[in-house]
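K.L.:
Residue numbers (this note's numbering), protein chains in the order written: chain H, 24 to 535; chain S, 24 to 535.
Check the hints yourself; a few may be wrong.
Here are a few chain S residues that face chain H, going by a calculated C-beta distance under 8 Å [unchecked claim]:
hint: 1; residue: 193
hint: 2; residue: 326
hint: 3; residue: 371
hint: 4; residue: 373
hint: 5; residue: 377
hint: 6; residue: 454
For lysine-lysine, the following DSSO-like pairs were computed, each having C-alpha atoms within a straight-line distance of at most 30 Å [claimed, not checked]:
hint: 7; chain 1: H; residue 1: 170; chain 2: H; residue 2: 512
hint: 8; chain 1: H; residue 1: 512; chain 2: H; residue 2: 279
hint: 9; chain 1: S; residue 1: 512; chain 2: S; residue 2: 170
hint: 10; chain 1: H; residue 1: 513; chain 2: H; residue 2: 420
hint: 11; chain 1: H; residue 1: 170; chain 2: S; residue 2: 384
hint: 12; chain 1: S; residue 1: 170; chain 2: H; residue 2: 514
hint: 13; chain 1: H; residue 1: 170; chain 2: S; residue 2: 420
hint: 14; chain 1: H; residue 1: 170; chain 2: H; residue 2: 75
hint: 15; chain 1: S; residue 1: 279; chain 2: S; residue 2: 514
The hints are simulated quantities; they were obtained by calculation from the structure and are not laboratory data. Ideal placement from N, C-alpha and C gives every residue a C-beta, glycine not left out.
Number of protein chains: 2
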Amino acid sequence: MEPLYIRIHGRDNVAIIVNPEGLPAGTIFPCGLMLSEAIPQAHKVALRDLEKGAAIVRYGEVIGHGEQSIARGSWVRAEQIAMPAAPSLDSLPMATAVPSRLPPLEGHVFHGYPNADGSTGTRNILGITTTVQCVAPTVEHAVRRIKSEILPHYPGIDDVVAITHIYGCGIALDVPGADIPVRTVRNLARNPNLGGAVMVVSLGCEKLQPSRLFPSTESLPMPSGEPYVIRLQDEEHRGFGEMVGAIMRMAENRIKELNDRQRRLCAASDLVVGLQCGGSDAFSGVTANPAVGYAADLLVRAGATVMFSEVTEVRDVVHLLTARSVSVDVARAVVREMAWYDDYLLRGGTDRSANPAPGNKRGGLANIVEKALGSVAKAGSTALMAATGPGERVLSKGLVFAATPAGDFICGTLQLAASMNMHVFTTGEGSPYGLAMAPVLKVSTRTNLADRWPDLIDVDAGRIAGGEATIEQVGWEIFHAILEVASGKKKTWAEHWDLHNDMALFNPAPVT
Amino acid sequence: MEPLYIRIHGRDNVAIIVNPEGLPAGTIFPCGLMLSEAIPQAHKVALRDLEKGAAIVRYGEVIGHGEQSIARGSWVRAEQIAMPAAPSLDSLPMATAVPSRLPPLEGHVFHGYPNADGSTGTRNILGITTTVQCVAPTVEHAVRRIKSEILPHYPGIDDVVAITHIYGCGIALDVPGADIPVRTVRNLARNPNLGGAVMVVSLGCEKLQPSRLFPSTESLPMPSGEPYVIRLQDEEHRGFGEMVGAIMRMAENRIKELNDRQRRLCAASDLVVGLQCGGSDAFSGVTANPAVGYAADLLVRAGATVMFSEVTEVRDVVHLLTARSVSVDVARAVVREMAWYDDYLLRGGTDRSANPAPGNKRGGLANIVEKALGSVAKAGSTALMAATGPGERVLSKGLVFAATPAGDFICGTLQLAASMNMHVFTTGEGSPYGLAMAPVLKVSTRTNLADRWPDLIDVDAGRIAGGEATIEQVGWEIFHAILEVASGKKKTWAEHWDLHNDMALFNPAPVT
Numbered sequence: 024m025e026p027l028y029i030r031i032h033g034r035d036n037v038a039i040i041v042n043p044e045g046l047p048a049g050t051i052f053p054c055g056l057m058l059s060e061a062i063p064q065a066h067k068v069a070l071r072d073l074e075k076g077a078a079i080v081r082y083g084e085v086i087g088h089g090e091q092s093i094a095r096g097s098w099v100r101a102e103q104i105a106m107p108a109a110p111s112l113d114s115l116p117m118a119t120a121v122p123s124r125l126p127p128l129e130g131h132v133f134h135g136y137p138n139a140d141g142s143t144g145t146r147n148i149l150g151i152t153t154t155v156q157c158v159a160p161t162v163e164h165a166v167r168r169i170k171s172e173i174l175p176h177y178p179g180i181d182d183v184v185a186i187t188h189i190y191g192c193g194i195a196l197d198v199p200g201a202d203i204p205v206r207t208v209r210n211l212a213r214n215p216n217l218g219g220a221v222m223v224v225s226l227g228c229e230k231l232q233p234s235r236l237f238p239s240t241e242s243l244p245m246p247s248g249e250p251y252v253i254r255l256q257d258e259e260h261r262g263f264g265e266m267v268g269a270i271m272r273m274a275e276n277r278i279k280e281l282n283d284r285q286r287r288l289c290a291a292s293d294l295v296v297g298l299q300c301g302g303s304d305a306f307s308g309v310t311a312n313p314a315v316g317y318a319a320d321l322l323v324r325a326g327a328t329v330m331f332s333e334v335t336e337v338r339d340v341v342h343l344l345t346a347r348s349v350s351v352d353v354a355r356a357v358v359r360e361m362a363w364y365d366d367y368l369l370r371g372g373t374d375r376s377a378n379p380a381p382g383n384k385r386g387g388l389a390n391i392v393e394k395a396l397g398s399v400a401k402a403g404s405t406a407l408m409a410a411t412g413p414g415e416r417v418l419s420k421g422l423v424f425a426a427t428p429a430g431d432f433i434c435g436t437l438q439l440a441a442s443m444n445m446h447v448f449t450t451g452e453g454s455p456y457g458l459a460m461a462p463v464l465k466v467s468t469r470t471n472l473a474d475r476w477p478d479l480i481d482v483d484a485g486r487i488a489g490g491e492a493t494i495e496q497v498g499w500e501i502f503h504a505i506l507e508v509a510s511g512k513k514k515t516w517a518e519h520w521d522l523h524n525d526m527a528l529f530n531p532a533p534v535t
Numbered sequence: 024m025e026p027l028y029i030r031i032h033g034r035d036n037v038a039i040i041v042n043p044e045g046l047p048a049g050t051i052f053p054c055g056l057m058l059s060e061a062i063p064q065a066h067k068v069a070l071r072d073l074e075k076g077a078a079i080v081r082y083g084e085v086i087g088h089g090e091q092s093i094a095r096g097s098w099v100r101a102e103q104i105a106m107p108a109a110p111s112l113d114s115l116p117m118a119t120a121v122p123s124r125l126p127p128l129e130g131h132v133f134h135g136y137p138n139a140d141g142s143t144g145t146r147n148i149l150g151i152t153t154t155v156q157c158v159a160p161t162v163e164h165a166v167r168r169i170k171s172e173i174l175p176h177y178p179g180i181d182d183v184v185a186i187t188h189i190y191g192c193g194i195a196l197d198v199p200g201a202d203i204p205v206r207t208v209r210n211l212a213r214n215p216n217l218g219g220a221v222m223v224v225s226l227g228c229e230k231l232q233p234s235r236l237f238p239s240t241e242s243l244p245m246p247s248g249e250p251y252v253i254r255l256q257d258e259e260h261r262g263f264g265e266m267v268g269a270i271m272r273m274a275e276n277r278i279k280e281l282n283d284r285q286r287r288l289c290a291a292s293d294l295v296v297g298l299q300c301g302g303s304d305a306f307s308g309v310t311a312n313p314a315v316g317y318a319a320d321l322l323v324r325a326g327a328t329v330m331f332s333e334v335t336e337v338r339d340v341v342h343l344l345t346a347r348s349v350s351v352d353v354a355r356a357v358v359r360e361m362a363w364y365d366d367y368l369l370r371g372g373t374d375r376s377a378n379p380a381p382g383n384k385r386g387g388l389a390n391i392v393e394k395a396l397g398s399v400a401k402a403g404s405t406a407l408m409a410a411t412g413p414g415e416r417v418l419s420k421g422l423v424f425a426a427t428p429a430g431d432f433i434c435g436t437l438q439l440a441a442s443m444n445m446h447v448f449t450t451g452e453g454s455p456y457g458l459a460m461a462p463v464l465k466v467s468t469r470t471n472l473a474d475r476w477p478d479l480i481d482v483d484a485g486r487i488a489g490g491e492a493t494i495e496q497v498g499w500e501i502f503h504a505i506l507e508v509a510s511g512k513k514k515t516w517a518e519h520w521d522l523h524n525d526m527a528l529f530n531p532a533p534v535t
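So that you can see chain H by itself, here it is in the shape it has in the complex:
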């Protein structure tokens, strides 16, 4: 492979090395640039001489200032870059650059499971909600038996999932922030892929009582009147065997209802696609995320909902998000979520610079500013239609910012609570990530990862770096893969291996 770098924007004074093995000192590019030292793949080279204090520009934005002078052709290392302050939340452009609507995209369909509440499942799963960790092993024991004894008789069911977590007791409920984990558990039970067939296993004495989880029949995803709670401490359950038996009986009733459903032709507008990146590198913002961003634009044009998240990974580009918000109200909602999170991190003695992780740096990302610029590429180019708090349901169509922490599983869990029925995950360093409640389509930023993990990566966006495919081509590929997977015609690798990461609830309140 010829020596190759990628410069994203005309203003950029750094570029990243494409060649998988990196490039040695003395390498000369067609433009005449010569490397004065060896630079690994995905790391940055200075395209011109940079004075001490000079702005270092990538994606057309300042990612920091030189701690020292850096000569043209040198490796621009993380420790040479002083990170700028995060944009102030007080003077942001509010809905000043709303993108015009892209032409509608018609005729794209998938086969899904329409639900009574108007949502649509891409899978037909029985979810068993738990109110407290005490009941988890009992429910898991029952689920193992349901899978081996009951499920073989009901071929229409994709899976039975125990929605377990480490929340529910030993917690403060009436304090700031506690509404987040509570609504998350509630809204997980309402996820479109669970078909509205709610069933809750409670211990009995826990703080998070079922009545707190579903305070009204309106908050339940199914018609009222039917029993949906099993309390293990109730008199009628005489011993472990009877507890398990009660769970199995209620589960079989739910399974019968769910099994009768058939996939129906649905418009692509019934998709609620959650986007996320994990194990990002400097290619994330060049290959996988722009390709996913292109697919996001296609989905929005087709009328679907597309959500992106991860507050610390958009905090440094908040000025871009508020400007493209469809209204001042939406821009204000974005600011509200950022402010809340700034404050949360400050109380804990940190800020957005606790992100990135060591692997991100190894992958060439100097700091959270550079990471954020790459991360937000997932969000494509359409107007931002709404911004919601962690664990809230997303009811808008179009592009939505669903605020969450950036940790992969907390984010995935909160996107499931927000009604996600399909997940797209981009990765540079690689993660064998999976969720039980929604298919996860994994997109690699580099071809060498896709080659090394052929049985984990679903789509290789690394081809973009070498010029073997365009962003548009891979974007369409992702779009079509989403429709195929949503229809159940294709399983993702995470589904193939049954990779199910546990729910990770976001609880900013103290435990007691």
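Go by the hints and put chain S onto chain H.
P.N.:
For chain S alone, coordinates are given in the frame of chain H:
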């Protein structure tokens, strides 16, 4: 059954109803007391007329003051009791009432697995530590295959446990409090029941790097030099199948070492018994906890380590703990843990009154003061020899306060990190609780729970309430059951059903 109440202390002006169905209005006790209204089991009756504002006394201590006057024979309800302020931490008696040493108890032994570091296992388990949630489903997939393909050839191994958690990335590491989850994961790997055979599965790019987990060879439980980390992102693992294969190969090497060990005769002093209560009721402090306290005294007399925990459940009796601390230094350590926790709860907008849970109140506990008085009975009557922070290893013999939150699984996880090799759990409302890494002996506070859950409760302390057994008798029964279970001669019900609650890490720092 005749009408029966239990009054704990001569100063008490309330007592609790023993009869399982409660007692109707008009019931007359042998002492002449007549109930003016029906009172449920475990709830309190006024033994004399109480003026508005009068101290309400149970266990010889003030649990609150009357919000209104309460007539003799009435039900003393939670809402009629104003809770007192927690004892100030500034003027506590420090080591002023150190109990004298009880006579040593000799000749009690069990069969355990002596470890190189001087600790002793009660089980022979391979634990696979994970640094980050990303790897959890991969490790769990490998563990399922190890159990079905490898373990049948090694009958000396009790179990293979994936030590998974939702920590490791998307976290702030260099902030106050982050040392707690980090040392917890480290010290879980060093638990005596894992035989010093450490093995770590890392993703590669996560924040919690293996080198952070084990910064020196001294922090490792096994001899240095041997590889103990598998990084899934390393070049050599080409795909999911090879990752799983690598985990299985390292696991089999560890299993071979562990399988060669034999149980040896060990003194009872090699036990490290963690005590906990969950789903407590007003009987907890009358039956199960005093019986466990008696067993705790026997264990201490035999030279063992006994730890109790749950800061919010001892906060209101801190004056009793500092007084019985063996030295002013130990008393100061108790105060340090209380102060840290007061501050932690205050920052989150709450205090110790967020405990108890609804079920505790249903079970007759008016408030956290009454709950704490019952809870501390578990700690028996010996001098307090040490107080440690959450997740720290306990190295002292005798009675130790290992500070933890009161949530059952966070507490259990931290006690495992503190080196617990045997767990005793008392419950009134009932919990099908279990841990993967140590046997859990469950003790009921009431006979009706033991009757209803015959295949979950190991020891019924409820017999004490009706006079069928004494505290001493049940205490000895628990002591002998601990030795039998520790020897592997007897399995607890939690082991019988494989009830394994997930690790629940205590992370007071923010997620990012």
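K.L.:
None of the hints should be skipped; say for each whether it holds.
P.N.:
Hint by hint, here is what the structure shows:
1. 193: 2 Å, holds
2. 326: 32 Å, violated
3. 371: At about 3 Å, which falls below the 8 Å cut-off, the nearest Cβ of chain H leaves the hint on residue 371 of chain S intact, so it holds.
4. 373: At about 4 Å, which falls below the 8 Å cut-off, the nearest Cβ of chain H leaves the hint on residue 373 of chain S intact, so it holds.
5. 377: 4 Å, holds
6. 454: 5 Å, holds
7. H/170 <-> H/512: With a Cα-Cα distance of about 22 Å, the restraint between residue 170 of chain H and residue 512 of chain H holds, given a limit of 30 Å.
8. H/512 <-> H/279: 23 Å, holds
9. S/512 <-> S/170: Holds - the C-alpha atoms of residue 170 of chain S and residue 512 of chain S are around 22 Å apart, at most 30 Å.
10. H/513 <-> H/420: OK: residue 513 of chain H and residue 420 of chain H at ~25 Å, within 30 Å.
11. H/170 <-> S/384: Between residue 170 of chain H and residue 384 of chain S the Cα gap is close to 37 Å, so the pair fails against 30 Å, i.e. violated.
12. S/170 <-> H/514: 27 Å, holds
13. H/170 <-> S/420: Distance of about 47 Å is beyond 30 Å: violated.
14. H/170 <-> H/75: 63 Å, violated
15. S/279 <-> S/514: 24 Å, holds
The structure fails to meet hints 2, 11, 13 and 14 from the earlier list, while all remaining hints are met.
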